[in-house]
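J.: Residues per chain are reported as follows:
Protein chains: 2
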Amino acid sequence: MSHPASPVPLVEIWRGPLAESRHTGHAVICDEAGGIVEAWGDPDALILPRSSSKMIQALPLVESGAGDHLSSEQLALACASHSGAPAHTSRVAAWMADMGLSDADFRCGPQMPMGEAARDEMIRAGETPCQVHNNCSGKHAGFLTLARHLGAGPEYVEPDHPVQRACLAAFEEVTGETSPGYGIDGCSAPNHASTLLGMGRAMAAYAAATEGGDARKAAMVRLREAMMAHPDLVAGEGRACTELMRACSEPVALKTGAEGFYIAIIPGRRMGIALKITDGATRAAECVIATLLVRLGVLEPDHPTARKFMCPEILNFRKIVTGEIRPAPQLLA
Amino acid sequence: MSHPASPVPLVEIWRGPLAESRHTGHAVICDEAGGIVEAWGDPDALILPRSSSKMIQALPLVESGAGDHLSSEQLALACASHSGAPAHTSRVAAWMADMGLSDADFRCGPQMPMGEAARDEMIRAGETPCQVHNNCSGKHAGFLTLARHLGAGPEYVEPDHPVQRACLAAFEEVTGETSPGYGIDGCSAPNHASTLLGMGRAMAAYAAATEGGDARKAAMVRLREAMMAHPDLVAGEGRACTELMRACSEPVALKTGAEGFYIAIIPGRRMGIALKITDGATRAAECVIATLLVRLGVLEPDHPTARKFMCPEILNFRKIVTGEIRPAPQLLA
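Read top to bottom, the protein sequences are chains A and B. Its first residue numbered 2, the first sequence is counted upward by one per residue in the numbering used here. Its first residue numbered 2, the second sequence is counted upward by one per residue in the numbering used here.
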């Protein structure tokens, strides 16, 4: 696989009179027919969607019936990169206990909580993180739920495990592509590659899915609605997914991914967004997704949360404003 | 000021079979005559050198005689972005006490220690950081030492304060350029812009300076030697500047700067390096500086520290190797 070609400037980091740093990338807005509404850079760029594909990795869980008994909160956690706060870990731990499983049954690895409060509390208490604190533990509880339903073995992150084979099949179906390969994610599960357009198309399908459709569409609706109902569970307090989902003027599902990925599912417009920052910077991915939500009219440009992520001020250690993050002119054109 | 033009690919982030992310930038190696030995991207790109200019900001301290009584350790701290470990803060606090000054006399602002051990210790103790923990506190102790020598007022980070006017004059002289403007740094001091080439030229001057020269050359030697004598004070345990300075096969002074800046002073070659990663990523700046040190033959490519920064493996939460950081082919050509 070659590297994506021709990214375009998307975000500028200003300090005083100078654009000190700049982020390039690719972004695409798709409609329900899978067509491109707007694109920046190369929609055919090969990408790893990372955690932005969690709602796809949760499709086999729902479609198989394995998740019929799961609550909306549990499905939101299956799609989450949660902060490892007690609100997240207590729910995931209870889910595991319901299955008679323990922390040792996870294969995601222990991670210090992403949320600062939870992290500091753990350091103060002299504790070390468990696997349930891993931001992906909800996804893994979902994998384990499906593995049990399928009567499959405990090594559920192996690429040839029935759970991962089902995830790959779902990924290729919703992106409409044969995946050219995969990387191993931070949580040890395979993460399959597609084009950016493939991910945009998939997100538009989630946006356009309705209750009266087939099992896939029903699963997409159930997962999308779970994410939108629980923005606090999909990420955590203070984080972009949570705050932007709350700030939008109509229901929108948002999901960040490592290395500068972001997606949006906008049911009211039957549109999906996928974007990748070339250098992997989160600050830039958050700026671009906020800018595109404003562009589509689902986020008011003057909303404090829109401003917080689209054009945040950069403060120094004395809280002096030293610069700001700005969408690049190419993104606003 | 417009943004630097035409950066080139310098670093690739691989995950499985995919170059998942990529960093572009500008880099220049200069000789003692100020000429370009090699360059990548645009040597005329306008940049803010950030903390990579601390040895320039320390020139007036030394040249004025204000720093005649200072130890090599204190001069290294004046050029440092230290980790806020006790080894750093105790020395800076003692320096302030020697002047009859306290933490309240700093204007750098409080910063949680950059070093993980010091940070965790502070969280465990329920303490909040002081200004002495700011990674720039040594530079500020130097500013205060100069301010006292000049009989100037306490607001030493104001751009028109005699200390900052002296820093600007030194910066323009060593870069050989009229600075087109400045930004306010994280520590509230002005940080002046130059071309990348200007910084490369300045670093080559530090490399070529000898004891028998004028006051400027003598000051350059004293600061360079202080940095090289105390790699642990210039940054901290585990950090790139400290580890790479220790690993080089001949004495080299290295200094990182925020937003993907890095410099090297190589006295044995009478050469200087300056580089800027377009997107501001530290992981890329560290990869490029290590690669260029290997290229110049002052760092063995098989040294574990060279490998740690030039082509580190990316491990996930289960310590599985999921990818690696690599210098881009353009950088190795």
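Fair warning: there could be bad hints in the mix.
In silico contact screen, one side only, chain B against chain A (beta carbon under 8 Å); selected entries [unchecked claim]:
#1 GLY17
#2 PRO18
#3 ALA105
#4 GLY110
#5 GLN112
#6 MET115
#7 CYS131
#8 VAL222
#9 GLU260
No lab work stands behind these hints: they were computed from the structure. In this text, a Cβ means the ideal position worked out from N, Cα and C, and glycines have one as well.
J.: Evaluate each hint against the coordinates.
T.: Structure-based check of each hint:
{"no.": "1", "hint": "GLY17", "verdict": "holds, 3 Å"}
{"no.": "2", "hint": "PRO18", "verdict": "holds, 4 Å"}
{"no.": "3", "hint": "ALA105", "verdict": "violated, 13 Å"}
{"no.": "4", "hint": "GLY110", "verdict": "holds, 3 Å"}
{"no.": "5", "hint": "GLN112", "verdict": "holds, 5 Å"}
{"no.": "6", "hint": "MET115", "verdict": "violated, 12 Å"}
{"no.": "7", "hint": "CYS131", "verdict": "violated, 11 Å"}
{"no.": "8", "hint": "VAL222", "verdict": "violated, 31 Å"}
{"no.": "9", "hint": "GLU260", "verdict": "holds, 5 Å"}
Hint check: violations occur at hints 3, 6, 7 and 8; the rest are consistent with the structure.
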